[in-house]
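Student: Going line by line, the protein sequences match chains D and V. Residues 235 to 600 in this note's numbering are what the first sequence spells out, letter by letter. Residues 235 to 600 in this note's numbering are what the second sequence spells out, letter by letter.
One should not assume that every hint holds.
Which copy? The list can't say, so a pair holds if one copy fits it or any two copies do.
As the list claims (entries may be wrong) - Capping the alpha-carbon separation at 20 Å, the derived lysine to any residue pairs in SDA-like fashion look like this: (1) Lys580 with Gly527; (2) Lys580 with Met245; (3) Lys580 with Asp244; (4) Lys580 with Arg392; (5) Lys580 with Ile595; (6) Lys580 with Gly541; (7) Lys580 with Glu328; (8) Lys580 with Ala596; (9) Lys580 with Arg332; (10) Lys389 with Ala439; (11) Lys580 with Ser241; (12) Lys389 with Val503; (13) Lys389 with Gly541.
Derived by calculation from the structure, the hints in this document are not laboratory data.
2 protein chains.
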Amino acid sequence: MRAMDVSWLDMTVTPAALVDLDRVEANLARVAAYTRQRGLRWRPHTKTHKTPELAQLQLAAGAQGVTVATVREAEVMASVCDDVLLAYPPVGTERLDRLMDLPPHVRLTVALDSSEALHPLAHAARRAGRTVGVLVELEMGMRRVGVQSPADAVKLAREAAYSSGVEYRGITFYAGHLRLPQAELGPAMRAQSERLLAFVEALTAEGLRPETVSGGSTPTLWRSHDVAGLTEIRPGINIFNDRNSVSVGACEWSECAYSVLATVVSTAVPGQAVIDAGSKALAKEEGFDASGGYGALLDMPEVRVHGLSEEHGLLDLSRTDWRPRVGDRVRVVPNHACASVNLHEKLHVMRQDRHVATHAIAARGW
Amino acid sequence: MRAMDVSWLDMTVTPAALVDLDRVEANLARVAAYTRQRGLRWRPHTKTHKTPELAQLQLAAGAQGVTVATVREAEVMASVCDDVLLAYPPVGTERLDRLMDLPPHVRLTVALDSSEALHPLAHAARRAGRTVGVLVELEMGMRRVGVQSPADAVKLAREAAYSSGVEYRGITFYAGHLRLPQAELGPAMRAQSERLLAFVEALTAEGLRPETVSGGSTPTLWRSHDVAGLTEIRPGINIFNDRNSVSVGACEWSECAYSVLATVVSTAVPGQAVIDAGSKALAKEEGFDASGGYGALLDMPEVRVHGLSEEHGLLDLSRTDWRPRVGDRVRVVPNHACASVNLHEKLHVMRQDRHVATHAIAARGW
């Protein structure tokens, strides 16, 4: 059996996206235990894997619903989950039409930060005979989206509460700028907590107490309980982890469950080896820390990918005695799992070196 | 008619990949005229568009064959072209099997830099009853792939010349590290020319004169004639151009033929607007120059994309009086067209604002 399975890794086309199922299960069990212990709801962001079979694993492990970023993700995840948060402003007729076409039993909630997004949504929901939940998106320091002030939050929450077709359900934020080592997270999380409290108090004073307070990310995952009032977290990357998760201490290297299988295609230039996983397989994303590179070998993390072209990854051999040969196969953990997964058509699920399933990454695209 | 067509741009799902056909045709006519005038063969790299319909335009404009980087691209392009160069070492059983399954009338040539790549290829070709052309890949300063010295080139060329199943056809290189403004290219191109001459002389002295000498890139495109002995060029990006092509002066902004249509989804954070084209639509690739950002608006290049999350692009409004509203639509030219195209399923072909065709980007994946 084992010989046959090693052969699968040896013989499949590369580059190929691999998922270590044992590690996925352990990662999910850990966050399930944490959220249970802390009284938090767990609504994982499925943009990381875009794969309904993996969302099912998350739900089976205790997730109470899923988060999506695109309408395509909403459509695909609605096939396996009846509680979907679109953490994205549903702007545009096409988006609204498709959202309204989700199966009627799906409890849909949407995050938004403007009247311009709210009113067309409410109009579309009324026409479709649906009630869509609304979370007011808060800006908590990332400077991406979100209302700036408690007064703005009150104004938009009130509009949502008074509009038919939609139902005001609370507030949401994403502190994606917090990419600190775990030991340095404390002050940042307390600052989040204070900023959030100001919003909650202003809303509550106006009779708009948020039933849902949704936050969380993988880098801040294990300190989510430091944010007072949080009811729900939406970590995405945590199911797989990646080189960035390790660099901020949100996981150990041995908890990385996603890698890209690649073949050495050239050793002609001294000091390096070239693999067939380039930017179109790994994604050319700078890492969170200053150590450089775009990924590292799962089995030899001292070997970094120090350069990427579209179909070439350059392995830096300066920290290893390993001297690969053309045809050798390696597994690369990228800096950012979500960006890499999105470049593949399929996820190959493994237990140890045994291939157990291949899933289409069904929610790619828009 | 025009009202209906503007409506296409207003109504289609975003983000969406757009191609300006007038500009594509002009870009192709320009390179066709240049190569004709300079006596160079033109073998465009189709990894940029991965779309057989666009390869057909290139062939109709005068391209003598196509270049591909992956077996998937070879398979797809073989449906429209019978002269295919795989500019990539064909390492691995799966790659070789699929290459041998290309239609028999396809004249296949392969670039490689090692005996380890050559001999399995020759073996597979003999078994399949094919003759596969070989170009010896030279390292010309990029430090990615390619033999290092004239002696190594002679050794590998001789192995190819003496192996049945393969046919030694010449040499190839890619100087992807040359990303200089056009005015500064002269000395670099002369250095290329000298380095190349040493390879050609060594090969010729051993009775291995390269019939094909294949090089070229979009940044160096218009100075290809500075490299003595070059017989063929393989520009890829040139069909579309991109922000990097403009930054090195290989084209004008008005020659950018590829953009991503996006919708403004948030203006809540002052000084910026957020669009729904993020790193999963534009690709998060640093630009060649120091001006920063990941793209700029086709119609307002002073408006840069200064930040990217997966589904969010942040437009910097500091250099414009334009104040977008939620729901507005814009077209973004990314830094690197190839990386962006690869993130989309379809290319929407436009003449002015009129939608004339939609093509599947059929050669994505491996």
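Student: Now look at each hint and say whether the structure bears it out.
Tutor: Each hint, compared with the structure:
1. Taking identical chains as interchangeable, the C-alpha atoms of Lys580 and Gly527 are never at most 20 Å apart, the minima being 25 Å within one chain and 31 Å between chains.
2. In this homomeric assembly, Lys580 and Met245 come within 20 Å of each other (Cα to Cα) only inside a single copy, at 16 Å, whereas the closest approach across copies is 30 Å.
3. Taking the shortest alpha-carbon separations for Lys580 and Asp244, only the intra-copy value of 17 Å comes in at or below 20 Å, while the best inter-copy value is 32 Å.
4. Taking identical chains as interchangeable, the C-alpha atoms of Lys580 and Arg392 are never at most 20 Å apart, the minima being 44 Å within one chain and 41 Å between chains.
5. Taking CA atoms no more than 20 Å apart as the test, Lys580 paired with Ile595 passes in both settings, with 5 Å inside one copy and 17 Å between copies.
6. Neither within a single protomer nor between protomers do Lys580 and Gly541 lie at most 20 Å apart by alpha-carbon distance, with minima of 24 Å and 29 Å respectively.
7. Taking identical chains as interchangeable, the C-alpha atoms of Lys580 and Glu328 lie at most 20 Å apart only when they sit on different chains, with a minimum of 17 Å there against 27 Å within one chain.
8. For the homomeric pair Lys580 and Ala596, the shortest alpha-carbon distances inside one copy (8 Å) and between copies (16 Å) are both at most 20 Å.
9. In the homo-oligomer, the alpha carbons of Lys580 and Arg332 lie at most 20 Å apart only across protomers (19 Å), although the nearest pairing inside one protomer, at 25 Å, exceeds that limit.
10. Taking the shortest alpha-carbon separations for Lys389 and Ala439, only the intra-copy value of 13 Å comes in at or below 20 Å, while the best inter-copy value is 81 Å.
11. With identical chains, the CA atoms of Lys580 and Ser241 are at most 20 Å apart within one copy only, with a shortest distance of 19 Å there and 35 Å across copies.
12. For the identical chains of this complex, Lys389 and Val503 are inter-copy neighbours only, at 16 Å across copies versus 62 Å inside a copy, given an alpha-carbon limit of 20 Å.
13. Proximity of Lys389 to Gly541 under the C-alpha cut-off of 20 Å is found in neither arrangement, the shortest distances being 48 Å within a copy and 28 Å between copies.
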